[in-house]
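Heads up: the sequence shown begins at 1 in my numbering, then just goes up one per residue.
Simulated from the structure, these hints should not be mistaken for laboratory data. Check before you lean on any hint, since a few could be wrong.
[What the hints assert, rightly or not] Computed cross-link-like contacts, SDA-like style, restricted to lysine to any residue with a CA-CA straight-line distance of at most 20 Å:
hint, residue 1, residue 2
1, Lys-717, Ser-756
2, Lys-688, Asn-661
3, Lys-717, Ile-750
4, Lys-397, Asn-420
5, Lys-688, Ser-662
6, Lys-405, Pro-446
7, Lys-305, Leu-343
8, Lys-305, Arg-317
9, Lys-49, Asp-80
10, Lys-49, Asp-288
11, Lys-405, Ser-371
12, Lys-49, Pro-284
[Claimed, not checked] Ranges of calculated distance between the beta carbons of each label pair, as one might list FRET restraints:
hint, residue 1, residue 2, range
13, Asp-188, Lys-102, 39 to 47 Å
14, His-134, Asn-31, 36 to 44 Å
15, Phe-355, Pro-414, 45 to 53 Å
16, Leu-550, Asp-475, 43 to 51 Å
17, Gln-202, Gln-752, 28 to 36 Å
18, His-400, Thr-522, 42 to 50 Å
C-beta: ideal position from N, C-alpha, C; glycine also.
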Amino acid sequence: MILKLIFGLFFLTLISAAPEEDRVTSLPGTNFTVGFEHYSGYLNASKTKFFHYWFTKAQTDPDSSPVILWLNGGPGTSDDDVAQHNHKALVHFFTEKFPEYKNNDFYITGESYGGVYVPTLAVKVAADKTNFPHFKGIAIGNGFYSFPLNYNSLVPLLYYHSLSTQVLYEQVVQACCQGKPDDCDYYDQLDSETDCGNFLGQLFNEAPDINPYNLYSTCYFDGGSRSKKDFIYRTLREKSKLKSKSSPKPRAGDLPLCAQVNNTEVYLNKADVRKALHIPDDLPRWRDCSESVSFLYDTTHEDVKAEFQQLINAGIRILTYNGDVDTVCNFVLNKQFVNGLGLTIVGGTDSQEWFYHGETPNVGGFVTRFSNNVDFVTVRGSGHFVPEGYLNASDTKLFHYWFTKAQTDPDSSPVILWLNGGPASDDEVAQHNHNALVYFFTYKFPEFKNHDFYITGESYGGVYIPTLAVKVAADKTNFPHFKGIAISNGLYDIILNYNTRIPLYYYHGLIRQNLYDEVVTTCCNGNSYTCDYYSQWSGSNGTCSQLIDLELSQHHDLDIFNLYSTCYFDEGPGSKRNFIDKILKKKLGPKLEEKEEPRAGTLPLCAQVNNTAIYLNRADVRKALHVPDNLPPWVSCSDPVGDHYQIIHYNVYPEFHSLINSGIRILTWNGDVDTVCSFVLNKQFINKLGLTVLGGTDSQEWFYHGETPNVGGFITKFSSNVDFLTVRGSGHFIPQDKPREALQVIYNFIHQRDYSLPAPF
1 MILKLIFGLF FLTLISAAPE EDRVTSLPGT NFTVGFEHYS GYLNASKTKF
51 FHYWFTKAQT DPDSSPVILW LNGGPGTSDD DVAQHNHKAL VHFFTEKFPE
101 YKNNDFYITG ESYGGVYVPT LAVKVAADKT NFPHFKGIAI GNGFYSFPLN
151 YNSLVPLLYY HSLSTQVLYE QVVQACCQGK PDDCDYYDQL DSETDCGNFL
201 GQLFNEAPDI NPYNLYSTCY FDGGSRSKKD FIYRTLREKS KLKSKSSPKP
251 RAGDLPLCAQ VNNTEVYLNK ADVRKALHIP DDLPRWRDCS ESVSFLYDTT
301 HEDVKAEFQQ LINAGIRILT YNGDVDTVCN FVLNKQFVNG LGLTIVGGTD
351 SQEWFYHGET PNVGGFVTRF SNNVDFVTVR GSGHFVPEGY LNASDTKLFH
401 YWFTKAQTDP DSSPVILWLN GGPASDDEVA QHNHNALVYF FTYKFPEFKN
451 HDFYITGESY GGVYIPTLAV KVAADKTNFP HFKGIAISNG LYDIILNYNT
501 RIPLYYYHGL IRQNLYDEVV TTCCNGNSYT CDYYSQWSGS NGTCSQLIDL
551 ELSQHHDLDI FNLYSTCYFD EGPGSKRNFI DKILKKKLGP KLEEKEEPRA
601 GTLPLCAQVN NTAIYLNRAD VRKALHVPDN LPPWVSCSDP VGDHYQIIHY
651 NVYPEFHSLI NSGIRILTWN GDVDTVCSFV LNKQFINKLG LTVLGGTDSQ
701 EWFYHGETPN VGGFITKFSS NVDFLTVRGS GHFIPQDKPR EALQVIYNFI
751 HQRDYSLPAP F
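Work out the full structure, taking the sequences as your base and the hints as a guide.
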């Protein structure tokens with residue numbers, strides 16, 4: 001089960017010493033010609049133990065290619081036992097099976113709990129110059145290096161990825177950390193019979209039916225009999241005897257039954273595959289996670305810092321890399337672990353982009369290079385493994401509209417306004433929008449005046465919509481059937497937006513460790529959760545202002561509307577700057593008016609951002625939409641508007657309370673990988689309205705019905721017909737990123753149905 005030189009082990013030459021009895025001559029189930037030579041057999045790990053290996057020869061230059069071992073783990077009684085057996089199996093590999101490769105460069109790689117297996121083995125290999133004269137380095141993906149760091153980083157990571165409820169997170173922080181989450185030792189209190197231990201148990205057992213190895217992958221539910229539990233989670237839960245001799249309680253929940261996780265196991269246990277790989281008939285089935293190993297395994301290494309130090313002293317090169325949407329062995333754990341090794345950062349910065357070269361170069365993630373040949377890298381988005389025309393808004397202003405009639409039952413369908421915004425100031429926009437709507441229902445389409453009416457939109461619509469809705473709700477004559485509002489990724493509170501951004505950036509891998517630590521210490525008295533970054537940023541403390549400036553500019557060449565979308569760089573025209581950031585930077589009041597430099601960075605020129613503008617400005621499209629020739633090109637973000645816009649509403653709490661008192665239904669929903677108007681901002685805004693959480697919990701899953709039901713996100717229902725909902729894996733523009741999920745959500749909101757019900761079309 002160990003030394004699985006399988007699926008990612010790319011090797012070398014084949015000469016006469018290669019064991020012919022281990023050669024694989026067919027690979028059942030492949031629909032391509034296997035163009036490489038490979039071997040499958042067993043290595044002696046001890047007098048009674050034999051480890052299976054699968055060895056693949058390099059397709060190019062095999063005589064000089066390095067030998068790369070990919071290691072996930074294996075049976076044994078303890079960490080050290082496994083290391084010793086792995087070492088002996090490798091000696092057998094290079095001595096008896098493939099001695100011709102002994103003088104090739106050799107690397108040990110792996111993932112997950114390989115964060116323990118790899119360095120403990122590597123220490124033995126590095127010391128054995130006789131059998132491994134050219135051992136060069138190790139590379140570990142999403143490695144598990146430290147029990148305490150894993151738990152201590154996981155709690156805030158879950159919250160800042162919308163996987164923990166607001167109420168429960170605050171209970172954990174208060175009970176375990178006296179309200180100060182930074183540097184809190186959750187691990188030490190995990191099994192304590194205290195409020196802290198109980199709240200932590202609730203938090204970890206809240207794990208929803210999503211894939212914890214990749215938060216934004218689709219999980220196809222599988223009703224099979226495979227093990228539900230992951231080795232690491234089970235080891236952490238069952239082996240808490242490291243800290244307590246009492247029987248530990250299950251803490252971290254079972255993994256969902258995602259069918260794709262089981263694919264490897266299903267394939268490797270097919271009779272023809274076992275025969276092709278020379279697996280004896282009397283051996284049991286191969287399993288990716290063995291319960292018997294887990295329950296009997298003796299975890300002897302709470303962390304592997306000592307092993308890393310030995311490898312560094314021995315001159316062994318080290319790469320530790322992480323997919324940044326894995327929660328099982330998260331990137332924060334590994335970033336903090338490597339930073340704790342006491343090395344010097346090389347290159348003047350502890351985080352810089354690296355680019356993946358596909359069709360066009362794109363940000364692949366971030367890299368920090370340290371002294372002594374140690375690198376830390378993240379891999380972005382990876383886990384562990386219609387009639388139209390113009391409406392009169394005033395005597396001098398005309399607002400363009402594009403109206404689409406319902407395809408089914410248009411005579412009774414509700415009218416839904418989608419609103420992004422318009423020029424002027426907050427209150428002026430609200431008044432002009434109101435006037436335009438009166439014109440729409442009075443002169444353009446009076447036949448729809450008595451239909452149910454909803455106002456929806458996104459982004460700075462978080463201000464436009466509630467300010468307009470207050471006017472519409474009060475105007476019963478023109479809007480007798482105004483029912484509700486729905487705002488996605490809305491900006492409801494300017495100060496809260498900035499106060500939630502910095503920890504959100506950090507727990508998505510966008511801020512350097514040393515910079516984050518410096519800001520929290522210097523500007524927040526060591527408490528990032530309750531820190532008023534906004535006041536520090538806009539105030540007289542020049543040091544804090546400069547530090548926060550640096551943090552808010554760390555997103556580099558990413559699409560901050562969707563952290564995990566691909567950004568195809570575009571050198572064409574179009575505003576680089578986001579309307580929201582621009583007006584916030586330039587119009588945040590007297591304290592900021594003297595600060596002329598842009599604060600939050602400029603958006604990258606992602607081609608897809610410009611696609612709408614390109615289409616709408618085509619001459620044939622303008623003609624089809626009745627846009628006069630003398631009007632300027634349409635732009636998604638107008639620089640003149642951003643320069644002159646007057647912010648009146650720094651938050652919209654009064655408007656929300658006015659709408660609630662009027663009986664207007666409210667849905668505020670968020671894509672959870674947007675950083676411009678994040679779900680944390682909106683979750684905290686809604687919680688501040690003083691409403692009662694319904695249903696006994698402030699977060700529960702809702703399901704999207706595609707080919708199979710999958711977790712679409714999370715929903716909190718409040719009193720007074722207010723709902724807060726997240727859309728998993730979507731960015732700022734939910735209808736663009738997740739159109740089917742968006743349709744299901746809006747349909748169910750309008751018809752007051754359970755959000756998990758499929759839309760009927």
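Hints, verified against the model:
For a cut-off of 20 Å, the pair hint linking Lys-717 to Ser-756 stands: about 13 Å separates their Cα positions. The suggested pairing of Lys-688 with Asn-661 holds, with an alpha-carbon distance near 16 Å, which does not exceed 20 Å. Under the criterion of a C-alpha separation no larger than 20 Å, the hint pairing Lys-717 with Ile-750 is consistent with the structure, at around 15 Å. A C-alpha spacing of about 17 Å is found between Lys-397 and Asn-420, which places the hinted pair at or below 20 Å, so the restraint holds.
Only pairs whose Cα atoms come within 20 Å are accepted, and Lys-688 paired with Ser-662 is accepted, the gap being roughly 19 Å. Taking the CA atoms of Lys-405 and Pro-446, the gap is about 14 Å. The hint holds against a cut of 20 Å. Taking the CA atoms of Lys-305 and Leu-343, the gap is about 12 Å. The hint holds against a cut of 20 Å. Between Lys-305 and Arg-317, the direct Cα distance comes to roughly 15 Å. Compliance with the 20 Å bound is thereby established for this hinted pair.
As the CA atoms of Lys-49 and Asp-80 are separated by approximately 15 Å, the hinted pair is consistent with the 20 Å bound. With a C-alpha separation of about 19 Å, the suggested pairing of Lys-49 with Asp-288 holds against the 20 Å cut-off. A distance of roughly 64 Å separates the Cα atoms of Lys-405 and Ser-371; the hinted pair therefore is violated under the 20 Å criterion. Restraint check for Lys-49 and Pro-284: the C-alpha separation of about 15 Å stays at or below 20 Å, so the hint holds.
In this structure the supplied range 39 to 47 Å holds for Asp-188 paired with Lys-102, their Cβ-Cβ distance being about 46 Å. Distance hint check: the CB atoms of His-134 and Asn-31 are about 37 Å apart, consistent with the given range 36 to 44 Å. Distance hint check: the CB atoms of Phe-355 and Pro-414 are about 46 Å apart, consistent with the given range 45 to 53 Å. At roughly 47 Å, the beta-carbon separation of Leu-550 and Asp-475 lies within the given 43 to 51 Å, and the hint holds.
Restraint check, Gln-202 to Gln-752: a C-beta distance of roughly 30 Å satisfies the suggested window 28 to 36 Å. Checked against the hint of 42 to 50 Å, the C-beta distance between His-400 and Thr-522 comes to roughly 48 Å, which is consistent with it.
In terms of the numbered hints stated before, the structure departs from hint 11 and from no other.
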